[in-house]
Amino acid sequence: MDQQTIRNFCIIAHIDHGKSTLADRLLQLTGAIPEREMVEQVLDSMDLEREKGVTIKASAVRMMHEAADGQTYELNLMDTPGHVDFAYEVSRALQACEGALLVVDASQGVEAQTLANLYLALEHDLEIVPVINKIDLVSAQPDAVAGEIEEILGVPAASILRISAKEGTNVAAILEAVVRHVPPPHGQRGQPLRALIFDSHYDAYKGVVAYVRVVDGAVEHGQTLRLMSSGQAVEPIEIGVFGPEMRPTGSLEAGEVGYVATGLKTVTDCRVGDTLTWHAAPAGMPLPGYKPMKSMVFASAYPSEASDYLSLREALAKLQLNDAAFVFQPETSQALGYGFRCGFLGLFHMEIVQERLEREYDLDLVFTAPSVEYEITRTDGAEIVIDSPAEMPDPTTIVEIREPWVQIDVYTPTEFIGQVMDLVTNRRGEFKAQEYLDQRRVMLSYHVPLIEILTDFYNELKARTRGYASLDYHFEGYRAADMVKLDVLVNRDAVDALSMIVHRDQIFTKGQKLVSKLKDVIPRQQFDVPIQAAVGNKIVSRANVKAMRKDVLAKCYGGDITRKRKLLEKQKAGKKRMKMIGSVEIPQEAFMTILKLDEE
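For the sequence shown, the working numbering begins at 49 and goes up steadily by one.
Don't read these hints as lab results, they were simulated from the structure.
C-beta: ideal position from N, C-alpha, C; glycine also.
It is possible that part of the hints are untrue.
Label-pair distances were calculated between CB atoms; the ranges are [as the list claims (entries may be wrong)]:
{"hint": "1", "residue 1": "G525", "residue 2": "Q76", "range": "46 to 52 Å"}
{"hint": "2", "residue 1": "A528", "residue 2": "D486", "range": "38 to 44 Å"}
{"hint": "3", "residue 1": "M333", "residue 2": "Q560", "range": "35 to 41 Å"}
Cross-link-like lysine to any residue pairs, in silico, SDA-like; alpha carbons within 20 Å at most [unchecked claim]:
{"hint": "4", "residue 1": "K558", "residue 2": "N474"}
{"hint": "5", "residue 1": "K586", "residue 2": "K603"}
{"hint": "6", "residue 1": "K533", "residue 2": "T380"}
{"hint": "7", "residue 1": "K594", "residue 2": "F523"}
{"hint": "8", "residue 1": "K533", "residue 2": "I555"}
{"hint": "9", "residue 1": "K586", "residue 2": "P437"}
{"hint": "10", "residue 1": "K313", "residue 2": "R274"}
{"hint": "11", "residue 1": "K510", "residue 2": "R488"}
{"hint": "12", "residue 1": "K558", "residue 2": "A438"}
{"hint": "13", "residue 1": "K558", "residue 2": "V532"}
{"hint": "14", "residue 1": "K561", "residue 2": "D504"}
{"hint": "15", "residue 1": "K586", "residue 2": "M531"}
{"hint": "16", "residue 1": "K561", "residue 2": "Q580"}
{"hint": "17", "residue 1": "K603", "residue 2": "Q619"}
{"hint": "18", "residue 1": "K342", "residue 2": "V433"}
{"hint": "19", "residue 1": "K594", "residue 2": "L616"}
{"hint": "20", "residue 1": "K214", "residue 2": "L77"}
{"hint": "21", "residue 1": "K510", "residue 2": "A528"}
{"hint": "22", "residue 1": "K313", "residue 2": "K342"}
{"hint": "23", "residue 1": "K561", "residue 2": "K594"}
Based on the sequences and whatever the hints tell you, model everything.
This is the structure in structure tokens:
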């Protein structure tokens, strides 16, 4: 197809502003999906995406549209996630596009991720087409929101499209706006092939399926291709486009978006951000790839059954192919055996990975408490980075510990300012700035240690602001902090998987909360089980799980008291021996309690 009639664009927005619903309407309008096959959120194909109502994976689809000028255009649409943890998916989709639809909710207005994704798109030099969605809501204020967008983008408020994706109002105007405003691709069809891999997944029959945007040249079935970073030769099994299911076409030309089924069986050979070229006449320079994402949150995953270790390793490798921001490496624990240390972009990302492992790969897993990376200077001058309490060196060898800090921007209605300030200052937050967006809404900026916003900060923020606040955060740097390792001893044995790194000011409160929660979830044994929180040799909190006692005097009716005493002494000696050799089984809930420590 002529490049002048191709348009590559994506939809970007804050979470829950109606991207997936708008994508549904566009697919219906262009006839990409027959009416009888139409379902809600057709591009959100994962069960998790439908259940949670969020897009997790960016997905691509080709649509054909006959414009007002009588010309037929090929529109390649990318639907992207809106959640802050999946900003990486957005940045990858943007590199395959020339334009972006910026969708803003008519009742909520511009929010944290609206701006974050907009700046990402502007960095990639994309043409922005602003759209105000949900004008059918009673609380909609399209004129006020148009004013906000005009201030940010400089686009006249009167020219901004106002639609209702749910009811289909004015959606057809979007297709015309895309054709008019989004520039066509500028690839050289006569040059050697250069195709950017912007995503991939693993197929049991076709091997690694690479999602590509062809920048220069063309790719046809039967040609041998090469991956430029590894030099690996590839014999494509199938080449095609997304409509939205995979549809073989046999070839892709410059400017087009589609897939190449590589037949590769190992996931490490085909990396996202790599460039595909011809094997016989390769291109001179690869395309600029993607900055590798830095994991912010770390947790360990262990199989409940030791025999599932290899299955877990295989599942993690397949998941990593589909999610380039996820990293893992093997590790061992005294309490839990062999497992993997995993790195995530945020807590929601961790939750999604955990659920995908359990559902898609049918694994029963134990996840430890999340942690962050700390930089440590030792007395011998060495600099080390640790992401697990188990790696913490002896306190006497530490000169300084530095923890990661982030800047958070909270967008909230003005009546909740006090609630937000209280929440953030309790998490060691430092106030930075306050900016009124209009009479009703304000943006509060803070510097906060990353560990403090990990576990349940987002849920707490939503609860305190009745769901109105939105949050964006980005990494700032490391600062020196007085951090210590808090150990947990169950029946006087340290359980390494329950250890955590905490600020010295919090050791008594965190220790006491942790011990109290563990006391409720560790089952009663035949003997007293002491649970202790300790820093070094100092016990900071303790609780006992009371023993289950059998009534040994049940059959003694009357008689001499010495007989009863003898039975009680015998029971006491038995309990003492049992305590010395008894081991305590720690249930999965015990590891989960650490995630819920700050909920009270």
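Consistency of the hints with the structure:
no.: 1; hint: G525 x Q76: 46 to 52 Å; verdict: holds (47 Å)
no.: 2; hint: A528 x D486: 38 to 44 Å; verdict: holds (39 Å)
no.: 3; hint: M333 x Q560: 35 to 41 Å; verdict: violated (60 Å)
no.: 4; hint: K558 x N474; verdict: holds (13 Å)
no.: 5; hint: K586 x K603; verdict: violated (45 Å)
no.: 6; hint: K533 x T380; verdict: holds (19 Å)
no.: 7; hint: K594 x F523; verdict: violated (45 Å)
no.: 8; hint: K533 x I555; verdict: holds (9 Å)
no.: 9; hint: K586 x P437; verdict: holds (17 Å)
no.: 10; hint: K313 x R274; verdict: holds (15 Å)
no.: 11; hint: K510 x R488; verdict: holds (17 Å)
no.: 12; hint: K558 x A438; verdict: holds (18 Å)
no.: 13; hint: K558 x V532; verdict: holds (12 Å)
no.: 14; hint: K561 x D504; verdict: holds (15 Å)
no.: 15; hint: K586 x M531; verdict: holds (15 Å)
no.: 16; hint: K561 x Q580; verdict: holds (11 Å)
no.: 17; hint: K603 x Q619; verdict: holds (15 Å)
no.: 18; hint: K342 x V433; verdict: holds (13 Å)
no.: 19; hint: K594 x L616; verdict: holds (17 Å)
no.: 20; hint: K214 x L77; verdict: holds (13 Å)
no.: 21; hint: K510 x A528; verdict: violated (30 Å)
no.: 22; hint: K313 x K342; verdict: violated (26 Å)
no.: 23; hint: K561 x K594; verdict: holds (18 Å)
When the structure is compared with the earlier hints, violations turn up for hints 3, 5, 7, 21 and 22 and for no others.
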